[in-house]
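Here is what each chain is made of, one letter per residue.
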Amino acid sequence: MNPMIQNQLPKKGAKVVVAMSGGVDSSVAAGWLAKNGYNVIGISLQLHDMAEKIDNEFGTCCSLSDLNDARRVAEVLDIPFYVNNMETAFNEAVIDDFVQEYLNGRTPNPCVRCNEKVKFKKLMDWALDLGADFLATGHYATVQWNSNLNRHELHKGGDDGKDQSYFLFTMKEAELARTLFPVGSFEKPVVRALAQEYGLRVANKPDSQEICFVQGKSYKDFIEERVPAEVLRPGNFVNADGKILGQHAGLHQYTVGQRKGIQLNSLDPLYVLALNAKSNEVVVGPETALFRKSAIVKNVSWINEVNISSSTKAHAKIRYRSKESPVEISPIDESSVEVKFEIPQRAITPGQAMVFYEGSRTLGGGWIESLSVH
Amino acid sequence: MIYADYNATTPLSEGARNWINQAQELWGNPSSSHKVGRKSLELLNKSREAVASLVGVNPNDLVFTSGGSEANTMALLGTAFEIGQGFRLLTSKVEHSSIRDTLPLIEKLGGIVQYIPINPDGQICLAELEKLLGQFRPHLVSLMTANNETGVVFPIPQILELCEKHSAQLHTDAVQGLGKLDSSFYRGAHLVSISAHKIYGPKGAGALLTRKGIKLVSTHYGGSQEIKRRGGTENVLGIAGFGGAAEEMLSQSTPIDLKAIRDHFEKRLAHGLDGISVQGIKEPRIPNTSNIRFKEIASEVLLGALDLDGICISAGSACSSGSISPSHVLLGMGMSEAEAKECVRFSWGRSSSIETVELVAQKVIAHVTRIRARNGAKEISK
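From first to last, the protein sequence lines stand for chains A and B. According to the working numbering, the stretch in the first sequence is residues 1 to 374, in order. According to the working numbering, the stretch in the second sequence is residues 1001 to 1382, in order.
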């Protein structure tokens, strides 16, 4: 079995830093590399103060017990293991942005930010400074060498239900050339079986479900701990025509498409259609109004292409768990595009990433700014 | 493998192993009055004598502890309980974390803590000390003999003289001084902490030396061991190892010239690299320690790169996750966090030689040069 069958497999003995979270995927990534003749160095990132979470046995990503799991895996695999404190970078690039986005009436995706600013930036730098040839992670995605075009491409993972290429759209070719996804083409049961085979105690550890830094509480509580109450002030529920329907408890409690938490007298169920940070209004309406065919996407980055100059056909995902759908992408300026869907999409949400595909290849993506007027 | 982290810990010496082997056969409780117990007690007393003679003190003035940290905590808390409310402690911000982390408890018990300023070379000013002794009138002054991270030595004899003039007691954490400095330099202090595993003894054994007549409230209860100053059945294995290590150190005829080795290392680096600085280089230092800042190089990276080459050094202090936090010692000397994160410590010992430091210097120069080149480091000023 060769997980990187479509990749140019690096030479045996290549020095690879593996980002180890203590979960089964990154543990097996490290294990596969170690068992296949690579010179593996394990590293865990300390992204926030963990001491308080020690009792959270088998908790989700980033807690101290996860770190101990990662350390135990490294011990079993007999590879060097380090813990790197990237709290400052994580706070600035991920947590501050996460909170600010909610205050802006948007729904952020911190995992993409973490990959972009921390893992494939700070950690990649660290790995290369250490003298490593590659950085490996446990993502379900593949890096493929296209020999016709002489380039590295990012493709979907082998497990349809687990594909994580969505979270990696900000990567560039140069980074892909230095990146390995050892479990990327496996299906999850194979990964768990390998964990058993390698004798790793995390083989049956549950997948992480939550965003690592808000585990065990709601986003609402997380934000309320960090933002003064006067900023999170109540405002109005309005309908699409601007008519005031009632009072909401703070913009940060809502996201587009949400039905819960809207206590208004209405015959038909009401859904959040939009959040207006300027007026502190939550726009609500019927579910049918959630279906839209176009959006403006900003800060677009392309993995292989420099830019697009004319309208391009592709497929797009509007959030991690949405199905991809055919689109036409039209450039607006250097870093913004308008995206038109053939099929209306439910709850296109500002702040979420829109990621473009051509077959299994990830073209790139950007951040949903607003719904366009079309 | 090249080990250059002797300030963290040292390997077991032959002497320590031999005495530990003896202790393995002598499993009796030293407090028992029967023969099996007496045999254990005999080894304990032999160890006490060996350690006492290494330091040059009366064996009765020595209280065995679980290590340097316990000795430090015992000195501070024991005095704080003795004095009670209003206990005044003068210390510094570069002390070992066992001192630093005891201070909140001292304050909670009604004590008052003041700090003597530390200059950028890691040194105190004696005139400043005298001023504080007069104004603050501390009951206890706690200042370390030699700093574990920079190696900088405080002038303990002069500090002691000033303390006595102002009727203050002096505690000194001499963990890094033991075996590296002549003991007459620090043993005169009223309370002295030492540890076995920095002198090629086992971890888990240390001692507090208490000058005759010094009153301390016990912080450990469980029996009349250590003349009721530290209750609990003694760690005979560890204490025997301490004794064996002390005896071996005392009988060493020609200890290696660590200063020559350390100085060669620092000279080689200064010759091969720009943008480096040695902390406390202008001050007296214990002969084995170099704390060096490499501009633009994260200490975690250099530590990792050297570890992968089989060279063991250290940086900062490990937090509960195992990641490295900037050293509070360097911050206490006025360094910024960013600067402190570029400092690593090399500490040499028995296995070191001119050849090993030469090899380490070459590796360090190669890594620093490579990393700076990769990052296109701008002009690095000397």
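Bear in mind the hints are in silico, worked out from the structure with no lab data behind them. Mixed in with the good hints there might be a few duds.
Under 7 Å between C-beta atoms, here's a sample of chain B residues computed to sit facing chain A [unchecked claim]: (1) E1300; (2) V1301; (3) A1305; (4) L1306; (5) G1322; (6) T1369; (7) A1373.
Listed next, the in silico PhoX-like pairs over lysine-lysine satisfying Cα-Cα at most 25 Å (straight line) [as the list claims (entries may be wrong)]: (8) A:K205 with A:K217; (9) B:K1039 with A:K121; (10) B:K1295 with A:K122; (11) A:K122 with B:K1363; (12) A:K162 with A:K121; (13) B:K1039 with B:K1295; (14) A:K15 with B:K1046; (15) A:K117 with B:K1295.
Think of the CB as a built atom: it goes at the ideal place given N, C-alpha and C, for glycine as much as any other residue.
Cross-check of the supplied hints:
Hint status for E1300 (chain B): holds, given a least beta-carbon distance of 6 Å to chain A, under 7 Å. A distance limit of 7 Å between C-beta atoms decides the matter here; for V1301 (chain B) the minimum to chain A is near 5 Å, and the interface restraint holds. A hinted interface residue such as A1305 (chain B) counts as satisfied when its beta carbon comes closer than 7 Å to some beta carbon of chain A; here the least separation is about 5 Å, so the hint holds. About 10 Å separates the beta-carbon of L1306 (chain B) from the nearest beta-carbon of chain A, more than 7 Å, and the hint is not met.
At about 4 Å, the closest approach between the beta carbon of G1322 (chain B) and any beta carbon in chain A falls short of 7 Å, and the interface hint on this residue holds. The restraint placing T1369 (chain B) at the interface with chain A is violated, with a minimum CB-CB distance near 12 Å, outside the 7 Å limit. For the restraint placing A1373 (chain B) at the interface with chain A, the shortest Cβ-Cβ distance is roughly 11 Å, beyond the 7 Å limit, so the hint is violated. Pair hint K205 (chain A) plus K217 (chain A) holds up; C-alpha atoms about 21 Å apart against a cutoff of 25 Å.
Using a Cα cut-off of 25 Å, the hinted pair K1039 (chain B) and K121 (chain A) is violated, with the two alpha carbons roughly 63 Å apart. In summary, the hint linking K1295 (chain B) to K122 (chain A) is supported, as the alpha carbons are separated by about 18 Å, within the 25 Å threshold. Straight-line distance between C-alpha atoms of K122 (chain A) and K1363 (chain B) comes to about 24 Å, which keeps the hinted pair within the 25 Å bound. At most 25 Å may separate the alpha-carbon atoms for a hinted pair to count; K162 (chain A) and K121 (chain A) meet this at roughly 24 Å.
Restraint check for K1039 (chain B) and K1295 (chain B): the C-alpha separation of about 57 Å exceeds 25 Å, so the hint is violated. For the hint linking K15 (chain A) to K1046 (chain B), the alpha-carbon distance of about 52 Å lies beyond 25 Å, and the restraint is violated. For the hint linking K117 (chain A) to K1295 (chain B), the alpha-carbon distance of about 23 Å falls within 25 Å, and the restraint holds.
Hints 4, 6, 7, 9, 13 and 14 from the earlier list are contradicted by this structure; the remaining hints agree with it.
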